[in-house]
Amino acid sequence: MIGDITIGQYYAGASVLHRMDPRAKLAATFWLIVVIFLCKSFFALGLITLTAIVAVLLSRVPLKMIFRSLRPIVIILIFTAVLNVFYNKGGATYWEWWKITVTEKGVNTALFTMVRIIVLVVISSLLTYTTTPTMLTDGLERLLSPLKVFKIKVHTLAMMMTLALRFIPTLIEEIERIMNAQKARGADLETGGLLQRAKALVPIFIPLMVSAFRRAYELAFAMTCRCYTGGEGRTRMKQMKLAARDVLLLIFCAGITAGVLVLNHFFTAVI
Amino acid sequence: MNDTIIEFENVTFTYDSEEGEAPKTPALRNVTLRVKRGEFLAVLGHNGSGKSTLAKLCNAIYTPQSGVVRVNGLVGDTEEKADQIRRIVGMVFQNPDNQIVATIVEDDVAFGPENLGVEPQEIRRRVDDALRAVNMYEFRLREPHKLSGGQKQRVAIAGVLAMQTDCIVLDEPTAMLDPKGREEVMSTVHRLNEEMGITVILVTHFMDEAVDADRVVVMDSGRIVMQGTPAQVFSQVDTVRRYGLDVPQATELCHALGMPGCVLTIEDCVAQIAARAGGDAG
Chain H
1 MIGDITIGQY
11 YAGASVLHRM
21 DPRAKLAATF
31 WLIVVIFLCK
41 SFFALGLITL
51 TAIVAVLLSR
61 VPLKMIFRSL
71 RPIVIILIFT
81 AVLNVFYNKG
91 GATYWEWWKI
101 TVTEKGVNTA
111 LFTMVRIIVL
121 VVISSLLTYT
131 TTPTMLTDGL
141 ERLLSPLKVF
151 KIKVHTLAMM
161 MTLALRFIPT
171 LIEEIERIMN
181 AQKARGADLE
191 TGGLLQRAKA
201 LVPIFIPLMV
211 SAFRRAYELA
221 FAMTCRCYTG
231 GEGRTRMKQM
241 KLAARDVLLL
251 IFCAGITAGV
261 LVLNHFFTAV
271 I
Chain B
1001 MNDTIIEFEN
1011 VTFTYDSEEG
1021 EAPKTPALRN
1031 VTLRVKRGEF
1041 LAVLGHNGSG
1051 KSTLAKLCNA
1061 IYTPQSGVVR
1071 VNGLVGDTEE
1081 KADQIRRIVG
1091 MVFQNPDNQI
1101 VATIVEDDVA
1111 FGPENLGVEP
1121 QEIRRRVDDA
1131 LRAVNMYEFR
1141 LREPHKLSGG
1151 QKQRVAIAGV
1161 LAMQTDCIVL
1171 DEPTAMLDPK
1181 GREEVMSTVH
1191 RLNEEMGITV
1201 ILVTHFMDEA
1211 VDADRVVVMD
1221 SGRIVMQGTP
1231 AQVFSQVDTV
1241 RRYGLDVPQA
1251 TELCHALGMP
1261 GCVLTIEDCV
1271 AQIAARAGGD
1281 AG
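Top line first, the protein sequences correspond to chains H and B. With the numbering used here applied, the first sequence covers 1 to 271. With the numbering used here applied, the second sequence covers 1001 to 1282.
I should point out that these hints are in silico values taken from the structure, not numbers from a laboratory. You may find that some hints are simply not true.
Said to hold, decoys possible - Under the rule of at most 25 Å between Cα atoms (straight-line distance), these lysine-lysine pairs were calculated in the PhoX-like manner: (1) K241/H with K148/H; (2) K64/H with K1146/B; (3) K238/H with K1146/B; (4) K1146/B with K1180/B; (5) K183/H with K199/H; (6) K148/H with K238/H.
I would like the entire structure built from these sequences, with the hints used as guidance.
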């Protein structure tokens, strides 16, 4: 379970999506996420789903990887679907038993929300699959750089994100090591009620925190040694240039938005 | 003056003690040391002998309470000068995980030159050269956490190389590695010293790593207690032992057999024993 976190994992490749400017990709991703929430009718949702499918095909990321990014949200999907089926009533009744009724509206809403969440996750994980975390944080830093006017330390924020992403695998390894060490000393992590299990996690998280602080201290040392003094006067090895395809991507997003709004207008709303 | 790159003059350093705690004993006491340009210097000592502190004073992470550390004549008493010193002396630490900043190998190597404000094309060139120098070029697009310890340490060395420092200080770079990783790192460091003329200060507690150094310094309770070529130092087997250190295995064996002189490498040891047995080393 712990080992298969895929958020922040880059899938090396050379597809069109890989080569696009991270700023354009970031902007497009946020844009499309907003558009997902604008969808009201099945046709509009269909359009954005189609967009996601095309994007997946363009990225040449194996489908297995895409499905893996969906695995953590299966429970959320089931949960929202069940709630939506039972709480939305209207239209034809498909099934009735005691106080539970399943109606057309319930099923439609459930389906709609599920597809919506799946598309949301697929689009956002495509961003992290096709962009290295460094490019991602660099892109974010540049997109947010106008905020410097408000004295927000954009570079520091971006650096913190890079380091957080860099240390996720390291800390996961550390958790596994600590868990094994505690198990070897007879710690019982798998049985007992919720409270008991939560208590059993204390001897795992305290050493983890201690080690995380030690790592942070050493890392700060190492960064100082490499002349890191903050964002002032830094250059970048990888320059970002907006190409025609990046502009096209944004025009495409605008097109999708228009399409969704038109389809919303002409077809009946589900939600 | 010009052939000295780092100079310690009567340096005493004490770590800050916590409030209400008794003052700590100095980690370094009156250390005087000259590191020559292009030299391969090994610093030996058991835990707590002050060898790591010595390393950290080399690039102005710490400033001594008394005495002076000069790097190319510079004293790192201000933030600006400390920054200049760090452009001359690079540092590689023990734990490879805690010194890699980026999530892609080449981005990590680029971190140093980026901080120095080098032009992008020049960074690209330096990163490629540095990765080739440590034989990690084909791994440039990999994620650091998927590399072995020895490979990570070589990436860290490449990170220093890309900054084009004159001197590399390695603080127990092989302590967390397996024998294979240790061998990779040591051969890399030796090659950089010989081929690129980079001054190397290697802090270690593996005696076998000190054998090939130009000069060995032994530390004990914050003082330099022995100094000389590996042969000069390791020939005094009993003195080395008194400071809580071992001598290289080959040296120990020949010493135990009562052979004269100082044998440092396994090959020499084999030859000597063979000669004594009246046979042929082959």
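Query - Which numbered hints fail - result: Failing hints: none at all.
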